[in-house]
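Trainee: Now for the letters of each chain:
Protein chains: 2
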Amino acid sequence: MKKIGVLGTGIVGQTIGAKLLELGYIVMLGSRTSDNEKAGEWVTKYGTNALQGTFNDTVAFGEMLFNCTKGEASLDILKSCDKKHFSGKILVDVSNPLDFSKGMPPILIPELCNTYSLGEAIQELLPDTKVVKTLNIVTCSVMVNAHTSGGDATMLVAGNDLEAKSQVSELLHQFGWNDIMDLGDIRHARSTEMMLPVWLSIYLTTQNATLAFKIIR
Amino acid sequence: MKKIGVLGTGIVGQTIGAKLLELGYIVMLGSRTSDNEKAGEWVTKYGTNALQGTFNDTVAFGEMLFNCTKGEASLDILKSCDKKHFSGKILVDVSNPLDFSKGMPPILIPELCNTYSLGEAIQELLPDTKVVKTLNIVTCSVMVNAHTSGGDATMLVAGNDLEAKSQVSELLHQFGWNDIMDLGDIRHARSTEMMLPVWLSIYLTTQNATLAFKIIR
Chain A
1 MKKIGVLGTG IVGQTIGAKL LELGYIVMLG SRTSDNEKAG EWVTKYGTNA LQGTFNDTVA
61 FGEMLFNCTK GEASLDILKS CDKKHFSGKI LVDVSNPLDF SKGMPPILIP ELCNTYSLGE
121 AIQELLPDTK VVKTLNIVTC SVMVNAHTSG GDATMLVAGN DLEAKSQVSE LLHQFGWNDI
181 MDLGDIRHAR STEMMLPVWL SIYLTTQNAT LAFKIIR
Chain B
1 MKKIGVLGTG IVGQTIGAKL LELGYIVMLG SRTSDNEKAG EWVTKYGTNA LQGTFNDTVA
61 FGEMLFNCTK GEASLDILKS CDKKHFSGKI LVDVSNPLDF SKGMPPILIP ELCNTYSLGE
121 AIQELLPDTK VVKTLNIVTC SVMVNAHTSG GDATMLVAGN DLEAKSQVSE LLHQFGWNDI
181 MDLGDIRHAR STEMMLPVWL SIYLTTQNAT LAFKIIR
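Chains as they are written, first to last, in our numbering: chain A, 1 to 217; chain B, 1 to 217.
Be careful, since some hints might not be right.
Simulated restraints on C-beta separations [what the hints assert, rightly or not]:
{"no.": "1", "chain 1": "B", "residue 1": "K45", "chain 2": "A", "residue 2": "D76", "range": "55 to 63 angstroms"}
{"no.": "2", "chain 1": "B", "residue 1": "D179", "chain 2": "A", "residue 2": "F100", "range": "27 to 35 angstroms"}
{"no.": "3", "chain 1": "B", "residue 1": "D185", "chain 2": "A", "residue 2": "I11", "range": "23 to 31 angstroms"}
{"no.": "4", "chain 1": "A", "residue 1": "L23", "chain 2": "B", "residue 2": "A73", "range": "48 to 56 angstroms"}
{"no.": "5", "chain 1": "B", "residue 1": "E63", "chain 2": "A", "residue 2": "K38", "range": "57 to 65 angstroms"}
FYI, nobody ran anything at the bench for these hints, they're computed from the structure.
Don't be surprised by glycine CBs; every beta carbon is placed ideally from N, CA and C.
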């Protein structure tokens with residue numbers, strides 16, 4: 001597996017894309033249009049293994065996919081792509097269902113909280129895809145370099161497919177994560193998405209985004 | 001301050017009560033009736049500084065209060081007590097708004113989740129009381145002995161009154177907590193209560209309840 005499609009051209013997509021290039025993958029960054037300016041700058045910066053395309057191009061291209069779109073838009077974006085391109089692939093979902101409509105700090109989108117989650121909604125939308133929820137509990141610089149947080153933090157993983165979680169965990173190791181905890185099936189995406197409020201509370205207190213959680217057990 | 005009222009005679013109330021006795025406090029354990037059997041056994045076990053009473057007796061008795069009742073019952077129990085007894089006192093709220101009605105694992109009570117919390121609801125019910133939300137992110141054996149989790153875990157605190165949080169933090173130190181983080185006002189009770197789902201996911205995975213969270217920052 002050499003080709004990875006990263007959906008989303010924001011700071012999360014760009015950071016994960018750059019890390020994957022560093023690890024030797026060919027990476028396409030996907031956005032609404034094929035000539036997205038931010039993706040274009042990213043491609044120019046990172047050279048020959050860095051590509052850009054529409055969301056649909058990116059899903060078709062990647063042998064593995066990363067959802068780095070804003071949580072509030074993720075489902076619509078995924079629905080806009082041709083379903084057949086997702087079939088059998090691993091989709092790593094790093095997004096969070098944040099609702100900024102009520103001001104700061106954001107709440108979670110109520111219908112994707114407590115009794116459901118964005119991770120589950122994506123899995124339900126794409127039943128032939130192996131959705132793995134992970135990395136959503138840290139900021140993107142920590143996602144791709146666990147040591148940025150300054151300690152041996154824990155990364156949580158949830159998904160229905162063991163082999164997919166195993167492959168994603170290998171990537172997580174390459175991102176610097178040595179303490180990886182598999183919480184079980186995709187329903188446990190609820191738990192990890194519900195850690196965002198405390199992440200936000202801590203960030204608002206410390207003004208330091210490079211925090212991470214160590215599960216002491 | 002020598003007299004502490006602990007509301008709730010379950011394992012949480014009994015454990016916190018026993019720790020407070022060990023620290024030299026006089027402790028009343030409160031329940032619906034003045035002759036509650038579990039409280040009676042606890043009083044017999046712990047001797048002269050251990051008392052029992054109704055919830056109302058306990059609120060009247062304590063110079064500081066602990067809410068160790070089940071989250072689904074907390075508001076009704078607090079409403080059933082004479083409001084004047086709460087006035088000016090610190091109420092340490094260690095409860096969580098768990099809803100077991102949909103099966104295991106519990107969800108959070110929807111109306112006390114995401115945009116509100118049990119901690120805030122208690123503060124709104126008792127505006128003259130200094131509610132401090134803390135300890136709710138660990139099991140009770142870890143609450144009173146942070147080292148039980150096997151590491152230098154973090155305890156989160158939220159509440160509107162700085163002096164109250166300072167007094168409670170001194171108690172937390174005596175419970176073994178060395179890394180205490182003040183998240184701000186009582187609205188941040190939302191964040192800490194929303195950590196319960198991930199606590200439950202981890203517990204279901206490890207079958208080990210003595211877990212705790214270290215915030216690496």
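Trainee: Each hint needs a verdict: does it hold in this structure or not?
Mentor: For each hint, the structure was consulted:
1. B:K45 - A:D76: 55 to 63 angstroms: holds (60 angstroms)
2. B:D179 - A:F100: 27 to 35 angstroms: holds (31 angstroms)
3. B:D185 - A:I11: 23 to 31 angstroms: holds (30 angstroms)
4. A:L23 - B:A73: 48 to 56 angstroms: holds (52 angstroms)
5. B:E63 - A:K38: 57 to 65 angstroms: holds (59 angstroms)
The structure agrees with every numbered hint stated previously.
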